[in-house]
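K.L.:
Residues per chain are reported as follows:
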Amino acid sequence: MRLRLPAQFLAVTVVLLAGAPPGAAQTASSSIPRTSDGRPDFSGIWQALTTASWDIQDHAAQKGVPGGPGIVVGNEIPYQPAALARKKQNYDRRATDDPVAKCYLPGVPRLLYMPFPFQIVQTPTELMLLFEFVHAVRFVFLTGRHPPGPIEWWLGDSRARWEGDTLVVDVVHFNDQTWFDNAGNFHSEALHLVERFTYLDPDHIQYDVRVEDPKVFTRPWDMRVILYRRKEANAQLYDYECYAFDYEQYYPYPQMRSPQ
Amino acid sequence: MSLRWLIGAVGLALVAAAAAPVRGQEGGPAAKPLERLADGQPNVQGHWRPVNPGSLSLTNPVPQAADFDPSIKPLPSRIVDPPDGRVPYQPWAAALQKEQNHYYAYPMRPEHIDTQHRCLLSGVPRLFTIVPALKIVQTPGQVVFFWDSYHAYRVVPLDGRPHVAPNVKLYMGDGRGRWDGLTLTIDTRSLKGQRLTYIGDFYSDNAQIRERLTWTDADTFTYEATVTDPTVFTRPWTMRLVQRRLPTEEVWETACYEGMSNPDRYLLKVAPAPPTR
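From first to last, the protein sequence lines are chains A and B. In this text, residue positions in the first sequence follow our numbering: the first is 196, and each later residue adds one. In this text, residue positions in the second sequence follow our numbering: the first is 6, and each later residue adds one.
Pulled out of the complex, with its shape left as it was, chain B reads as follows (with noise of 0.2 Å):
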């Protein structure tokens, strides 16, 4: 499975580069203005996707279509701060990344194959890096999130209830969202440590999230989200990407996991050491 869906991936992130600087005009200066519902959230619901997607890398997003396509160039890192554009690695976290970015391309271990391949919940921030679609509904006192893939979701409340006890760690994370003007600010604890790119990125079970979904017309919203983790980084760092609305359709069945067979078969007995530095 895990293969075609790569193919399927990259073909999908070549049309959605392809196609997005028209997109980018339509969506100028005449953009529409979002509308209220009865509980006073604006309405964003709809069909979403990054312009720019694809959860390779997060330093240099969008290689899979250069690999096809030697003009199309690196895109800038999607970390924003820190001003470098690198995660702000601890040394042994940077050390396990680096190794990872190695043996993606050639797995010796499980640890090797990305928790995609395996059909697992990519859980917070990697969901909204994706190429597959996302769904926002909302109703009264809650925004909830559905992704055309991995049959994911994520239910956030708005009423400010307490969060789950710490130490509960879960896919999605215990999210709790408010509303000020056109932004959506979700704090996320209670995370479960997440790969975040096919090339190793990480976060641990120490994880929290705050992201802001700002929404800057009835089709865009600049999705950006800031992660604190003392085990893993030196520093809070925060990633940003842009998404826009898609035409609305009905979400059919994902199933994933159902009849795959195990990325394990695929695992090598020798492989090249990694690079020395």
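If we strip away everything but chain A, and leave its shape as in the complex, we get (with noise of 0.2 Å):
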């Protein structure tokens, strides 16, 4: 853990009091779920169809993993020189150090655009995100402020605000141990994302997000990803414990593990 210094709090602040950055998306909408207080209601499950977990940028398939374009506005992404140099490396051993490839918490914003569904559950004070994977929680909060820190959380503190029919999410006070994919696009725990949840109709979110690590990037850049409303009669989040399949063996017993 490190100090953070008071100026990025005020350069979050700035961010937040400077509104919508270009390319927010707009829906005229009327008919889109509310709440009783005449919010959109982004409750239910979604699931985004990329194959970004893989590479947010645009990428040809490999053994083993879907090609497909990428989540990058613009595609590239605008590593400092040595930071371009430790994601390659990243890359050459994303087999063992893909922090998802070890089970962990796949971080923000990873988590909403991997091939496992995820479900919000919406009050007027805060939105749950439940996530299949590792069964994963994000609480993101419409009231307080960031807390002040340093404190480095694998998912971030995530703050949020309506603008209109957009909600804006500030995160902050991250690890550094996460990646944005399995092709090594890492960040360090200066990481600040301000994402927007805006309905494009009543089944389709756009998701976008604007990355800052000024450790890392020399600026801001974004990413842009459709949530689909999953619409089966019987879609419900299974689980998926990446970590405890190993163990599965030995719980409860061995024994009741034979054939039965």
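Bear in mind the hints are in silico, worked out from the structure with no lab data behind them. Each hint can be trusted.
The calculated lysine-lysine pairs, modelled on DSS-like cross-linking and capped at a C-alpha distance of 30 Å, are:
1) A:Lys-410 to A:Lys-283
2) A:Lys-426 to B:Lys-174
3) B:Lys-274 to A:Lys-297
Using the hints, build the complex out of the two chains.
P.N.:
Structure follows, in structure tokens:
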């Protein structure tokens, strides 16, 4: 853990006050689900349809890796030179060093575009994002401010506000352990995200993320993902207890895992 | 991680045990009634914790505190049926549990280490017995439980939808709930076999559980779970405990497995033999 300078919090505040970045989605739809207090209601089961968890940039297929377009706006990630070298090293070691390969909490925003569904539970004061992958839970508070820190969390500290029909979430207090994808794209503990959730229509959310990390990148950059509502009548989160699979032979007892 | 967690849990159990009588007086006759939510559910949202938390043992709860303070007497068994307060194991299952009761203190094989020390999800009903708090959130048509540990959560739909296929086994099971007055009844199937305590109580993949969460006032509910598992037990059995409301606070991240050193490194090469009988 390192001390974080007050200037960084000032920067967070400035971003909050500056309002919408260019390219924010607009929806004129009055048909979107709304809560009793008139806010967009994002409750439901959602999933991104993208190969971005393997690589957030445009990429061709490899064995076991589906190819596809990336989610980085403009496709280029503005790494500082030393960070670019680190990214390449990460890529070479991705089979073992990717935190998801170790079944660790994948971090934000990666959890939202992994190939697993997640559920949003929304109240007037917070949104809870429940993920199938490792049963992760992310709390997004519509109240309060970021605690002073320094704090290094896997999923950061999320504080949200409404800008019209867009939910804007400011996220800080990350650790430097998570990657954006399996291709080794990474960040430091100075990562600062501004996420924007905007309904395109009742079953699609445009999810925009502005990424800032002055230790790794030369300038802020953006990602854009569409979240699709899972509409199957039997849609439901199961579980993917990634780190438990190797231990299931022992519990409740090995004897019970013999043929039944 | 596991030792640090255990020490913290013991400390919390001591604090909770000491605080319980006072809190009990506070929740006396002048208790607040429950509000109703727009969809008709009683509003039971908030943070909760067992009055006497701890998942070391069902039959001898909270002996951790007694380890540190001999004046603390063991509590009655959490098991209210059968009347003898014991888990009605079939003989082979009783032997497994007794063996684990011994080897918990002298772990030699991976299965001697409790699932909680590996950060595995403890499932139902064990998560309702642990020291970390639980949070209830209700939105139309569902009750959602969060635990302040293991980033555990559980979604219980109230719309009567069918269960998932019986061959699907889930760590939190597949629960379907309904309100009957101030009682939330949850039928849970598709349970993956689980340990229930540090000392190795367990059920198998064939278990089904019916839970009844009954609010006696706005700040108190009784948690009751009836476990049916013809693979392991001779008959269904029922456990019960009381949960009290805690002050509302933000739930912050509780990573567990990340960076944990593998507890298998502490396995012993030699250990006393289990007592014979």
